[in-house]
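Participant: For the record, the sequence lines run as chains A and B. Everything in the first sequence is counted per this note's numbering, starting at 1 for the first residue and increasing by one. Everything in the second sequence is counted per this note's numbering, starting at 1 for the first residue and increasing by one.
Rather than coming from a laboratory, the hints here were simulated on the basis of the structure. For each residue, glycine too, the CB sits at the ideal point set by N, CA and C. Careful, some of the hints might be misleading.
Claimed, not checked - A short list of chain B residues far from chain A (calculated; beta carbon distances all over 10 Å):
id, residue
1, Pro-12
2, Ala-64
3, Gly-71
4, Thr-129
5, Arg-135
6, Arg-181
7, Val-201
8, Thr-224
9, Asp-248
10, Thr-312
11, Ala-332
12, Leu-338
13, Val-345
14, Arg-351
15, Arg-353
What the hints assert, rightly or not - Which stretches of chain B does chain A cover? Using the computed rule of at least three CB atoms under 8 Å from a CB of chain A, they are:
id, stretch
16, 32-46
17, 150-157
18, 293-302
19, 369-378
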Amino acid sequence: MHLDRLHCDACGECTAACATAGRTARIRVDRGAGGGIAAFFCRHCGRPLCAQVCPTASLALGATGTVVARPQRCLGCRMCLVACPNDAVFFDGAGKSDKCDLCFGSLRGTDRQPACVAACTRGALRLVGLRHESAIRRGAAAAARQVAFRR
Amino acid sequence: MTMRHVILGAGPAGLAALASIRRNDAGARITLVSGEPGLPYSRMALPYYVNGDLPSRHLYPHPALWYRQPGVELRWGEPGEALDVERREVTLAGGERLPFDRLLVATGSRAQLREAPGIHLPQVQLLWTLGDARRLRRRANGASEVVIWGAGMIAFMTAKALLTAGRRVHFICRAEYLLRRSLDQEAAFLLEGALEQAGAVLHRGLNLAEIRSGPGRRCRVLLTDGSELPADLVVVALGVAPNLDWLDDAPVQRRQGLLVNERLETSAAGIFAAGDVAEVRDCVTGESGVPALWSVATDQGRVAGLNMTGATLVCDPALRSNTMVFHDYVVATLGCPLVRENTRVYRRLDRERRVYRCLVLSGGRLVGAILAGDVSQVGFLRSVIRRGAVLTDPEGLLGTPPLPGGVRP
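If we strip away everything but chain A, and leave its shape as in the complex, we get (with noise of 0.2 Å):
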């Protein structure tokens, strides 16, 4: 996921287009007070600090290289929420992680983008770099087992 920043008008869109579905927004995008864009989210590391510090691995890397989050093991330490230098990761009301998915599910078999991106007014979200995305498009079946970790 890229943020263009000199496109963006921190309209909020994206926000709200993340908050569809009941979740929390896993996106914020706001004009900080010198005026540039602060953007909070997740940016799925080569090398996630987030899944790094995780005690139970509930966050780690999947193998399109989203990082990608198993909440039924989260402890709620907010362990994660400090080492990342994006404040990308969320808490549900359980206290639960809840992190960018990238709208995998959704993604899968289709050319549909992530609802931030599809929502983005002015083209400054864009979905780059995702392993294996055509094979993903495709509905491939061994490409559409995220959660197969590589650590």
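With chain A fixed as given, assemble chain B onto it according to the hints.
Facilitator: Okay, now just chain B, sitting in the frame of chain A:
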């Protein structure tokens, strides 16, 4: 020639090292030695297992299959007992000798039991190992009064595990407030408020004098002011000490922990240390010490593992950070927020919303923070400390909604 790696300790540092050795040198032979019986588990998760929130299968960060990778061998139940630097061998408690080319000492630390009259009564225990947790879980059934000796991080986690409906948890707190080494008074009072609401009682400025058996299956805890607490259970939570006794005869330099260079190699070539046994430089103060923190251990494990395979990676100096969560109340600490020399402290307390944010700056640079009730931007602040960036608008980060800005690299 294939390298023979031995990793002593299967905590966060040991497991991170195993993963990074595998990633960097798929042909390496690695023996992981866990001093405790059974599959390596996550110590952090134990309190959540005690209170029943977490099923026992989720205590294990990796399934048994994960350790059955080619070249990897997992030994458990036998801690290392002696190190022969010359012959490059580790002797395990069972007498077996493991030869190595590269060794990682990640034996962690152990909870301290202090001598006091009655400390060996059956009602008294620690909460450190999975065995302790199982015992505590069993005993906590039907226990209504619990006494915790100590007021640090382990004491807090123990209370968190035991504070369920109708149970009273007493803290014997030598200081005036909880978590004295991590929090300032304002943040501690807010956290204590959440605990007290759930049934915790703090006995401030007091110490334990004696534990007496009876009446019945209970015991009585005598405090230094002469008062007496009935208890079904006493948990000793007085801090930890690194597991280094077994290295007493080994020619490896140590002070509080094993001294390591910036690549985490000890004074003996090819022998590395990570986690609670390693003495490293602090990111903020520059002083040498043993942070004994989970997040630091995972990073050191990763770097040590890479360096064991021949990399020359410099490990970031340790940045202390901690979180305390009680139900929905979250407190986070970063860096060294209790340093008061040559610092300027910015703070804002909102009693009504139970929000407290405190930033400590030194020469314009952020050196520590305590965030209670509202931890927004904690990760951002952590990276500000890490980078040594100058904060031009600390006031702006105290309020809500806090926005970054005014950061100059």
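Participant: Please go over all the hints and tell whether each is borne out by the structure.
Facilitator: Hints and how they fare:
no.	hint	result
1	Pro-12	7 Å, violated
2	Ala-64	14 Å, holds
3	Gly-71	17 Å, holds
4	Thr-129	15 Å, holds
5	Arg-135	21 Å, holds
6	Arg-181	17 Å, holds
7	Val-201	25 Å, holds
8	Thr-224	34 Å, holds
9	Asp-248	31 Å, holds
10	Thr-312	18 Å, holds
11	Ala-332	6 Å, violated
12	Leu-338	17 Å, holds
13	Val-345	21 Å, holds
14	Arg-351	23 Å, holds
15	Arg-353	18 Å, holds
16	32-46	holds (count 4)
17	150-157	violated (count 0)
18	293-302	holds (count 5)
19	369-378	holds (count 4)
Against the hints set out earlier in the document, violations occur for numbers 1, 11, 17.
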